[in-house]
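Start from the sequences, fold in the hints, and give me the full structure.
Protein chains: 2
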Amino acid sequence: MHTLSQLTEIVKNFFAEEQFTGSPSLLYEPIAYTLADGGKRIRPVLLLAATEMFGGNIDTARYAAIGIETFHNFTLLHDDLMDRSPVRRGKPTVYRKWNENIAILSGDAMNILAWRYFLRIKHPNLHSILSTFEQTSMEICEGQQYDMDFESRNDVTIDEYMEMIRLKTAVLLGGALKIGALYANAPDDDIKHLYDFGIGIGLAFQLRDDLLDAYGDTATFGKQTGTDIRDNKKTYLFLRAIEKASPEQRKQLLHLFSTTPENADNKINEVLNIYAALDIRHEVEKQIEQLHKKAMESLNNIKRPDSDKQTLIEMAQKLLNRNI
Amino acid sequence: MHTLSQLTEIVKNFFAEEQFTGSPSLLYEPIAYTLADGGKRIRPVLLLAATEMFGGNIDTARYAAIGIETFHNFTLLHDDLMDRSPVRRGKPTVYRKWNENIAILSGDAMNILAWRYFLRIKHPNLHSILSTFEQTSMEICEGQQYDMDFESRNDVTIDEYMEMIRLKTAVLLGGALKIGALYANAPDDDIKHLYDFGIGIGLAFQLRDDLLDAYGDTATFGKQTGTDIRDNKKTYLFLRAIEKASPEQRKQLLHLFSTTPENADNKINEVLNIYAALDIRHEVEKQIEQLHKKAMESLNNIKRPDSDKQTLIEMAQKLLNRNI
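Residue numbers (the working numbering), protein chains in the order written: chain W, 1 to 324; chain D, 1 to 324.
For the record, the hints were derived by calculation from the structure and aren't laboratory data. Don't take each hint at face value.
The list treats identical chains as one, so a pair stands whether inside a single copy or across any two.
Straight-line alpha carbon distances no greater than 20 Å define the calculated DMTMM-like cross-link-like pairs of lysine to aspartate or glutamate that follow [what the hints assert, rightly or not]:
# : residue 1 : residue 2
1 : Lys-97    : Asp-149
2 : Lys-91    : Glu-163
3 : Lys-267   : Glu-297
4 : Lys-233   : Glu-100
5 : Lys-294   : Asp-37
6 : Lys-309   : Asp-279
7 : Lys-286   : Asp-59
This is the structure we're talking about:
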């Protein structure tokens with residue numbers, strides 16, 4: 001069994017050993033730029049941890065680990081373009097560093113590159129692994145579209161929001177874990193529990209992301225803060241605030257979330273003041289803890305000794321505290 | 001053996017029998033819009049014709065046929081966005097009918113949907129089929145990037161251009177034929193010849209497309225004419241004109257291809273006048289005939305009776321005359 005930091009190191013080495021070069025350079029350079037040094041490698045680490053939890057050999061899961069991270073980075077690349085996010089991991093996003101067309105096309109190529117890695121897998125469960133990857137990929141597109149739909153809607157419910165982040169964020173953590181478990185020929189019911197664990201920590205992870213977008217420090221978080229408010233995103237914070245708001249506060253919030261000022265600083269501050277008055281930060285933190293607790297129950301249901309679950313427990317803890 | 005029009009009908013039925021609906025509707029409606037009624041279905045017809053040529057049963061190749069056409073339409077959807085083409089098959093393109101973000105995301109989903117269809121294939125050669133599809137997909141991205149690179153370059157050679165259209169257009173015809181042949185367990189050397197045939201007719205097809213962009217009739221062709229000239233695309237017509245031009249004509253051409261006037265009508269007419277003076281239309285027609293002849297030689301090398309090759313011969317003829 002490897003620790004979380006050992007697995008992270010192994011995934012980093014997987015990527016360091018890959019070449020993302022090719023011709024034409026304007027197709028491959030953005031791919032290398034996106035994959036080279038960036039990110040926390042959460043999904044491939046989860047995949048390897050799942051393989052190892054069920055007694056599998058992580059070396060055999062190399063290409064699935066690279067493939068799932070490549071796919072994840074493709075979604076970030078296209079999402080950043082669609083969301084007009086200028087910065088990712090402290091660096092200009094691809095559409096800003098190059099241009100929109102290069103972001104579209106190099107993203108398309110990264111999506112295909114992910115399949116290239118998955119097709120390098122040699123495993124009796126290959127078809128189940130590929131189907132899990134395909135279904136997860138499609139669900140993520142659905143989640144992203146719901147996310148965009150919600151920008152122009154004023155009647156989004158918290159249930160709809162949770163379903164959106166399940167699709168957009170949580171299924172990829174669940175899918176990574178499931179693929180890792182398929183590698184190790186885990187029993188079906190354990191795979192189900194592990195997937196549910198992934199969904200739970202994924203939802204908690206996204207709510208933490210919502211919190212950090214409003215309250216994070218740009219330097220450590222590596223992204224601008226307040227962009228969700230600027231872009232009128234109905235995050236959990238907003239939706240819970242609407243539920244708790246007085247008629248006057250609700251009117252003010254709905255008005256603020258219908259504007260798109262050139263400079264959003266005032267708008268962001270006004271929204272944060274309402275959130276503070278409604279104790280939203282604390283509300284969301286409570287919700288994150290509940291999701292975490294439920295995820296740990298799913299993990300407990302898996303018929304493996306606790307010692308085999310240590311890495312995933314550690315990962316869930318890190319995602320909850322979001323110091324990863 | 002089915003005729004070309006019978007195969008086209010079969011492919012149409014394949015698509016008529018599929019549902020492209022789902023939620024969220026703004027993700028799936030553009031997919032249904034793109035796939036529902038459009039296009040000549042050349043690639044799936046080639047795939048089925050190849051299967052049948054080697055004695056395979058086309059019903060078993062249904063999902064590969066749908067998958068390859070779905071992928072092709074994904075590339076058109078994203079290309080239309082990148083090229084800012086307003087019309088496709090006489091209808092507004094997706095980014096025009098909806099918006100850019102919806103074009104990006106529904107295209108991504110179509111790419112994944114193509115994989116969904118390919119994963120429905122039950123065949124001992126599945127891995128070869130998937131690898132052929134993956135490699136072809138990546139080459140098409142490379143071709144599209146070269147195409148975009150060429151817009152801002154003034155030193156593109158005819159060899160570079162032919163390599164670009166090989167990647168952007170021809171490999172998908174070759175790939176469709178190869179997948180069809182893999183279905184029918186064709187021998188390796190016959191697959192190679194068939195692939196070369198596909199490349200040849202693909203190159204001829206693209207040169208015909210270049211011609212039609214300049215000389216086609218908007219109503220029958222279903223696209224605006226002169227867009228390649230407007231967008232400063234270094235097509236075969238332009239590159240051959242540059243080779244044959246007098247110093248004065250070359251200077252004029254290079255100047256015209258460095259401008260991007262709001263209204264491109266005058267620019268298009270001036271370029272067409274130079275092409276006419278240099279007999280470019282006839283030059284390109286000669287080149288198309290040579291490519292067609294070479295493709296037919298590749299087809300001749302396949303060790304099957306001529307009667308089995310009739311549908312592909314007919315297809316090559318149609319693509320050459322481009323009344324399909």
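A quick look at each hint next to the structure:
1. Lys-97 <-> Asp-149: between (27 Å within a copy, 16 Å between copies)
2. Lys-91 <-> Glu-163: neither (30 Å within a copy, 34 Å between copies)
3. Lys-267 <-> Glu-297: neither (40 Å within a copy, 69 Å between copies)
4. Lys-233 <-> Glu-100: between (22 Å within a copy, 19 Å between copies)
5. Lys-294 <-> Asp-37: neither (33 Å within a copy, 47 Å between copies)
6. Lys-309 <-> Asp-279: neither (35 Å within a copy, 74 Å between copies)
7. Lys-286 <-> Asp-59: So Lys-286 and Asp-59 fail the 20 Å test inside a copy (38 Å) and across (55 Å) alike.
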